[in-house]
Structure formats: structure tokens, C-alpha cells
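K.L.:
Taken in sequence, the protein lines are chains E and Z.
Note that the first sequence covers residues 1 to 68 in the numbering used here.
Note that the second sequence covers residues 1 to 68 in the numbering used here.
Since the hints were made in silico from the structure, they are not lab data.
Check before you lean on any hint, since a few could be wrong.
If several chains are the same, the list does not tell them apart, and a pair holds so long as it fits within one copy or across any two.
[What the hints assert, rightly or not] DSS-like, lysine-lysine: derived pairs with alpha carbons at most 25 Å apart:
1. 23 <-> 52
2. 42 <-> 23
3. 23 <-> 5
4. 42 <-> 52
5. 52 <-> 5
6. 27 <-> 52
7. 52 <-> 66
Protein chains: 2
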Amino acid sequence: MITAKIGNRIRELRTQTGLSQEKFAQKIGMDRTYFASVELGKRNISIVNIEKIANGLEISLSELFKDI
Amino acid sequence: MITAKIGNRIRELRTQTGLSQEKFAQKIGMDRTYFASVELGKRNISIVNIEKIANGLEISLSELFKDI
């Protein structure tokens with residue numbers, strides 16, 4: 001499922017930033033529990049929120065979707 | 001706005017397939033008026049629908065987001 005794939009990818013990249021879920025969610029102004037459910041692949045996340053996460057990770061959308 | 005950027009990109013790539021909005025929407029099993037509003041940048045499209053469109057275009061998600 002695409003939601004699980006993108007969730008795993010986000011978790012992988014967020015972990016590399018050294019930030020906890022809570023700190024990262026705070027950084028991008030996203031609710032922590034919502035962000036946690038995205039990483040778990042439980043959300044059919046929208047493009048606006050995907051962009052917010054890519055910005056927080058400081059990567060392009062194309063890079064975020066690499067190998068997905 | 002990201003919704004306009006992705007809409008323009010989808011329109012550009014869909015046009016290259018030679019399919020009309022109607023035929024393309026039919027191909028991917030999406031409502032034609034919904035698909036038209038995506039191309040117009042009026043929808044905060046979800047990842048499940050983005051994947052459907054990428055599959056219809058026969059490109060990867062990373063390719064779809066190239067230069068966005």
C-alpha cells in the first residue's frame with residue numbers, strides 16, 4: 001500500500017534528521033498524533049501535508065518519493 | 001501553490017499521452033470532473049489518487065514530482 005510505503009520513507013528520513021516524531025511535528029506545525037499515524041501508513045495524506053513534510057525534511061518532493 | 005504545480009504537471013504529462021481528460025479519467029477509474037479540477041489545481045489531492053494518476057501515466061511518483 002502506498003500509504004505504508006510513504007510512511008516508512010518519511011520515518012526513515014525523519015530519523016536521519018535526528019528529530020523525534022514530536023520535535024519534527026512541532027517543526028512543521030503538524031499535530032503529533034496525526035504525524036505519527038502518517039509514519040504508520042494509516043493516513044491517506046494530502047499533497048499539502050506531503051509538501052509540509054518534504055519542506056521539514058529539507059528535500060524535494062521527487063527525492064521524498066525516490067524508490068517508491 | 002503546490003496544488004497548482006502538481007495540476008499543471010499532470011496536465012502536461014497527460015497531454016503527452018494523447019488522451020483527453022475524459023479518456024484518461026476513464027482509464028484510471030476517476031470521476032472526470034474530479035480529475036479536471038485536479039488539473040486546475042483546485043484539489044488538495046491525496047496520495048492514493050496521486051498514485052492512481054502516476055500509474056495511469058505509467059511513470060513513477062518520483063518522476064511525477066520532478067522539478068516541482
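K.L.:
Now tell me if each hint is right for this structure.
P.N.:
Verification of the hints:
1. 23 <-> 52: within (14 Å within a copy, 32 Å between copies)
2. 42 <-> 23: Classified as within; 20 Å inside a copy, 31 Å across copies.
3. 23 <-> 5: Close inside one copy (22 Å), not across copies (29 Å); limit 25 Å.
4. 42 <-> 52: both (18 Å within a copy, 18 Å between copies)
5. 52 <-> 5: both (18 Å within a copy, 15 Å between copies)
6. 27 <-> 52: within (10 Å within a copy, 30 Å between copies)
7. 52 <-> 66: both (17 Å within a copy, 17 Å between copies)
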